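4 protein chains.
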Amino acid sequence: MQIGILGASGYAGAELARILLSHPEPKKLHLSSVSFEGKPLEAVYPAFFRPRAGAEDKAAMTLKNADEVIEASQVLFSCLPHGHADQAAERCLAKGGLFIDISADFRFGDDEATFKKWYGKDYARPALHAEAVYGLPELNRAKIRKARLIGNPGCYPTSAELGLYPALAKGLADCESIVVDSASGVTGAGREPSQTTHFPDCSDAISPYKVGAHRHQPEIDRYLSAMAGEPVSCVFTPHLAPMNRGIVSTIYFRLKTPMDSAELRGLYASFYADEPFVRVLPEGSTASNRNVVFSNYCDLSVHLSSNGKTAIVVSTIDNMVKGAAGQAVQNMNLALGLEETAGLAMVPPAF
Amino acid sequence: MQIGILGASGYAGAELARILLSHPEPKKLHLSSVSFEGKPLEAVYPAFFRPRAGAEDKAAMTLKNADEVIEASQVLFSCLPHGHADQAAERCLAKGGLFIDISADFRFGDDEATFKKWYGKDYARPALHAEAVYGLPELNRAKIRKARLIGNPGCYPTSAELGLYPALAKGLADCESIVVDSASGVTGAGREPSQTTHFPDCSDAISPYKVGAHRHQPEIDRYLSAMAGEPVSCVFTPHLAPMNRGIVSTIYFRLKTPMDSAELRGLYASFYADEPFVRVLPEGSTASNRNVVFSNYCDLSVHLSSNGKTAIVVSTIDNMVKGAAGQAVQNMNLALGLEETAGLAMVPPAF
Amino acid sequence: MQIGILGASGYAGAELARILLSHPEPKKLHLSSVSFEGKPLEAVYPAFFRPRAGAEDKAAMTLKNADEVIEASQVLFSCLPHGHADQAAERCLAKGGLFIDISADFRFGDDEATFKKWYGKDYARPALHAEAVYGLPELNRAKIRKARLIGNPGCYPTSAELGLYPALAKGLADCESIVVDSASGVTGAGREPSQTTHFPDCSDAISPYKVGAHRHQPEIDRYLSAMAGEPVSCVFTPHLAPMNRGIVSTIYFRLKTPMDSAELRGLYASFYADEPFVRVLPEGSTASNRNVVFSNYCDLSVHLSSNGKTAIVVSTIDNMVKGAAGQAVQNMNLALGLEETAGLAMVPPAF
Amino acid sequence: MQIGILGASGYAGAELARILLSHPEPKKLHLSSVSFEGKPLEAVYPAFFRPRAGAEDKAAMTLKNADEVIEASQVLFSCLPHGHADQAAERCLAKGGLFIDISADFRFGDDEATFKKWYGKDYARPALHAEAVYGLPELNRAKIRKARLIGNPGCYPTSAELGLYPALAKGLADCESIVVDSASGVTGAGREPSQTTHFPDCSDAISPYKVGAHRHQPEIDRYLSAMAGEPVSCVFTPHLAPMNRGIVSTIYFRLKTPMDSAELRGLYASFYADEPFVRVLPEGSTASNRNVVFSNYCDLSVHLSSNGKTAIVVSTIDNMVKGAAGQAVQNMNLALGLEETAGLAMVPPAF
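Which chain is which? The protein sequence lines are A, B, C and D, in order. Position 154 (the first sequence) corresponds to 154 in the numbering used here; numbering is contiguous. Position 24 (the second sequence) corresponds to 24 in the numbering used here; numbering is contiguous. Position 233 (the third sequence) corresponds to 233 in the numbering used here; numbering is contiguous. Position 90 (the fourth sequence) corresponds to 90 in the numbering used here; numbering is contiguous.
Some hints here could point you the wrong way.
Identical chains blur together in the list; that is why a pair holds if it fits in one copy or across any two.
Said to hold, decoys possible - Heads up, simulated DMTMM-like pairs for lysine to aspartate or glutamate below, C-alpha to C-alpha not over 20 angstroms straight-line:
{"no.": "1", "residue 1": "LYS256", "residue 2": "ASP174"}
{"no.": "2", "residue 1": "LYS28", "residue 2": "GLU339"}
{"no.": "3", "residue 1": "LYS58", "residue 2": "ASP274"}
{"no.": "4", "residue 1": "LYS309", "residue 2": "GLU283"}
These are computed hints drawn from the structure, not numbers from a lab. Values in this document were obtained by computation on a predicted structure and should not be read as measured data.
Could you build all of it, start to finish, from the sequences and the hints given here?
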């Protein structure tokens, strides 16, 4: 299998490379980078250093230009910045390949207006967007199995949507009342240094940002609406937290009909009973990113407010795995007809 | 001035000692501790080490038993565990002293039922509770000036109540819709080690806890109700965050009447225009504990959700200062007729 | 393969369980715990939660008593506190099993005096100690392949010994001049909470401890002496650092004969050319635990002081992997004749 | 008093502003910044936000250009990058002012060659350099009292020099054997973001850097030599640690004559008996930056290696206070004939 990663020197790309290197399927990697073309990936991330690698292995881990990688690959992951995927997608599909995009480009289907409003770009190839499948396997597994072009979900949206899907699908939630309060580790901001990711600025601090104005909001609303079968406009606030990996979304919604927490938890557990990467925690446990980082799991814990009227669901993922690279590999597995969990069966570290 | 601190070896007590040592009023400290009686405070917290202290200074910083401290003090701060303050309060008041309690004992006024439900204790001296003033200066300044017995607010409640007071006082908020999502630094759990405060458990993680069941909830509800003039039962979720100091509460409420964010921010700024320790941030700024730790400030930033229906207020304090020891000193200043900001005018560190 | 872990609820035991679950060899685990007997490992570490585990899998991950585990196992790892391994070792060997001890019990060979001085215990079964092989594969690979009883090295000693082995074996170092200055992540202190591992005590701080008096010092000296062929008594200072995983040892020694850093680095690279888990970094790179955590690698970077007289070697490992559980699995692989890297080929995360 | 700070938007400048705002002497501040000219300091550091500041206060905290500040000031602190201080110094001295430079420009006296080698610049005004006094009060108090021009020491040098001064002054140390192994918080790298200070790069990691090649080495050697009365060339290794503030230097030297640790500690304690900002810890205590951050203290603990031949001194400061802004204010106090501790008497936080 010839697998390409466009933008492999960014965080999502490097995490993809790491996961794919442990994937059981025989494969050859092809990595591109604009900033580090010609250098080995280990020059960017010394963790990848392999003093005893052979010539072929070394070549595979050298960052090339995008054209070479597109040319060489049957499966192509794009980790390019928003607005840059569609040309590569077209070329990949033309060769009969599978294209999985980690950016936001293919998450909005034919709704060009929303994409343009939040990302400031037109659709150059509208047919591609119309064809693209939103790569949330728990929602779209059947479509993903048949897809050639997959838009991998955003990290916050993955946590929010998985936390709300059972409630919306079962009609339990007052859709006017949904609040998603999320905290993310700093890797979510990518590899590029900035003032907000400067250690003295973000350590020891919880900093809400883009309050009422984050680009993941319309993505979340789009898929919550699909799940609910009615328009949903939730309130979403992201926070930057002093940790590397993980998103913890604490989600609130009013129950249409009162129920106790055991019943609600039971509904969630049944809903996700066959999902390999969703763990509904037992009573007495509260989800924390501590238990999912470096894995493809989404952990959910289900609670009620003290007055019993509001459900509180804690949904947590590793933003780089289930929130990006791991979910992309899960999508690849589905689209290629492989075991869905192949390469993703890692037990998360206990500490 | 003879000032006593009961329970000075705990975090709130030590922080009180630190603030009082820099307080401009001439004073003598008297510190008690059960666990470390007879030892100097610096044996517990080496930060207090003073190799050149004279004999009197050394005596002042030696931990005594509670009786000695009660006896010696005109102003008595109690940092004892919940349920232990009332006997000391009685003795202090009998001598004509001022008693300020950092525990929850005097936060519920005559509502013994609620206190008992959440803290598991009866009121042994109900008259004291009836007399006690809730020490939130922004709400109760006039009463605090005349008080002999003050129940210092909890840390989460301080952030939640200051974040909601303008909206409730002005009747802007749908009181059924209030969500308070809070993250606290680990000092909030006190000096005693436990599994949840063990570094490998709490570093790199955001962990919600006591979801729907935290003891600060009834305190918050009590004072939100007072502010609103109607019963309020909010939804409150605390999270443990990997930082030492600070609480960040992200507060959500539906607006009864739509208004734009500038108007709402303006209302908040006017409401707190004369408050020395509340800072309503200008447009474009979002509150973060980064900017208030080691100070007595509460920073507030005011936002709207993307659909304009929900207000989002970020309220942040240092849990050990405005959330405990600093607010207690502010209360002391008021009750003694001193300058309200005396000993509290520190500029917070920029990093 | 029937594999037992005594003391599986501690950090080393849980990390062993995690690594062994991904080990390619077919196996069955047997876990013991005194504190959590009868509970599943996931009750201690929710990361292990498997909502879809079958009955047999659940049974394997339930913590039993030590006797059951000893009985059931052919390969037995002991993660018991110091001084408790030898009875289990005797029973294991009597059945023809392989015993690998993570404690200090079998690190001192027949030198009972040193063990007793530092660990306060006699040898109850001296013959076992005489037989035990010190499990540092880079030093003792041939012996480990034939061993029945292996004393797994300490975490600090692993980093110090690998950082000094080439210099001592080649006779480059003035053995009177060796300084090992090490920083460890907090997982090195184990799962049990204490004041020093309380988040507010150890976050934001570098704290040297047991200066001149740490129990890893005699272990380091013993094996440095073996490497050098002369008695070595180094200066060793451990520091607690605000991170979870990793040891960084900065090692200093005077060169007997001046050489430039390229030559010294070349000697190190040649010395370790065939070692699967030692990476000598190229010029311009400096080792950091960032690049080895969650892997079995030891990264080494080689430098000279500004005056050229002193070599500075930075040696870094994951204290829980190469410093404990990973090295134990490496030893098991060797002793069982498996591929040395089996179950240990993980690429360390780039971030 | 008219006090100017050139480069007030950097970390040292902002910390100076913070300390000076609490200084008891009546004063007016004048702040300059190239990057933020015309903006208030609170636009760079929201911690400084003062919603109720009057017009004069607001003007004082607005960042001006350097010329205005030089013009307006009697006392001028320069926090400009290395190589930019001497023109401002000349103008300040010409007006009869006091000039205190936080950069390296005036730390090397008339040794232009060393300065040029490490900082790449010539001396444009050699007479100024010849006049400048190195602002380590414990070494140079008498000279500082009479100085017009002070070169404030580097952060690592302050910790190293104070840790070695008693041993060198008393002739206890083998000067060939000195090793200084230092860890610094990330604020030491300044406000400017970079890859090394990007949270995901530096959190959870200890990273040695510029091994054998750091510019503080020649500064340390220069003043150790002055203390010893003979040329000293130490081995110095800095490490970046995942914390904001503080330097911990673990210092090693062979004792010329054996002595026990109590004797050595006693010598240190006597040597610094009258120093207001040096605390020699009692037996059983080990220095940690935990106990000095946000204060002007240097804490020292004195130990011996297990074989008794090597002294180990742990020396810790807040890199931004005693290592920069606090020491600069201490120097100002001395040079102006004020109380040496004025504005610096803060008790460090216990947590």
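Quick rundown of the hints versus the structure:
no., hint, result
1, LYS256 - ASP174, "both (6 angstroms within a copy, 18 angstroms between copies)"
2, LYS28 - GLU339, "within (19 angstroms within a copy, 23 angstroms between copies)"
3, LYS58 - ASP274, "between (40 angstroms within a copy, 17 angstroms between copies)"
4, LYS309 - GLU283, "within (18 angstroms within a copy, 34 angstroms between copies)"
Consistency with the previously given hints is maintained throughout, with no hint failing.
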